[in-house]
Amino acid sequence: MTDNSFEQRRTILKGVISASTLALVAASGLLLPQRVLAHWPMDAFNAKTVEDALMALLGHAEFVDDSVVEFKVGSPPSYAVNGASVPIEIQSTLNDIERIAILVEKNPNPLAMSLDFTPAVKFPFKSMIKIAEDSLVIAVISAGGKLYRTSRMVEVDIGGCA
Amino acid sequence: MGLAAKDRIRAKLKEDETTVRLLLAHPMHTGRGKNDTGELIPAEYIQDIRCWRNDDEVLTIKCGTATARNPYFSFQLLGGQLGDKITIRWVDNIGAKGTAETIVG
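In the order they appear, the protein sequences are chains A and B.
Under this note's numbering, the first residue of the first sequence is numbered 1, with each subsequent residue one higher.
Under this note's numbering, the first residue of the second sequence is numbered 1001, with each subsequent residue one higher.
Calculated from the structure, these hints are not laboratory results.
Don't take every hint at face value.
[Unchecked claim] Straight-line distance between alpha carbons at most 30 Å, and here's what the computed DSBU-like set of lysine-lysine pairs gives:
id	chain 1	residue 1	chain 2	residue 2
1	A	K122	B	K1006
2	B	K1097	A	K126
3	A	K122	A	K146
[What the hints assert, rightly or not] Incomplete in silico selection of chain B near chain A, CB under 7 Å:
id	residue
4	D1048
5	W1052
6	Y1072
7	F1073
8	F1075
9	Q1081
10	L1082
11	G1083
12	A1096
13	A1100
14	I1103
15	V1104
All C-beta atoms in this analysis are idealised placements derived from N, C-alpha and C, irrespective of residue type, glycine included.
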């Protein structure tokens, strides 16, 4: 009997301790300035290779090749004089798009942009990116749990990652 | 900070699509570039851009350092009507923030 109550007390004590530890950790975490940017996937944007970036951003890096799907990383000219601002345009006929990643293979950090789509948004999406040297520009669309990929080689005269 | 220039946003309704064009005034330093005296310019770039139509969040754009200086974006929103309010908010890596809003015309 005494043994039993002792046991109970220990369990309760343990519970109290772990709860307070958790609270402490949470509190210290909340005080970090990074909290503001908690939604920014730092690992993905700091990754050094295309695969690492996609793994960090989307959880996997396996692509489906589907000829029904057509989308393009387009307007870059396949040749751009100034890599500091290269226009890109993304087109797709896919539905249920969850996320789009735009990557430049040879940039120091390949991931350039990640777009979270809602059904209200429609293509084309246009923007400008920097390209450090002649490189593949890759667009990855995550739709319905699958990844679709397309790419385009862009040559630049003046590197753009200054 | 290079924030003297203003963020610009335009939204135009055509048939049943709203085209939003957005130009932000931001230097987008990658942290790898050097200034005239050869010193590294610290990283300063927009990380998160959110877009609302009226009260609905419609698009989130997360940027790395490879987004061009004075970032430009253009995209379409399905439907919409004259008088809708389009709002943009951005945050950069050192915590600077900006907002821009426009009425669909």
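Just pull the numbers of the violated hints for me, sorted ascending.
5, 9, 10, 11, 12, 13, 14, 15
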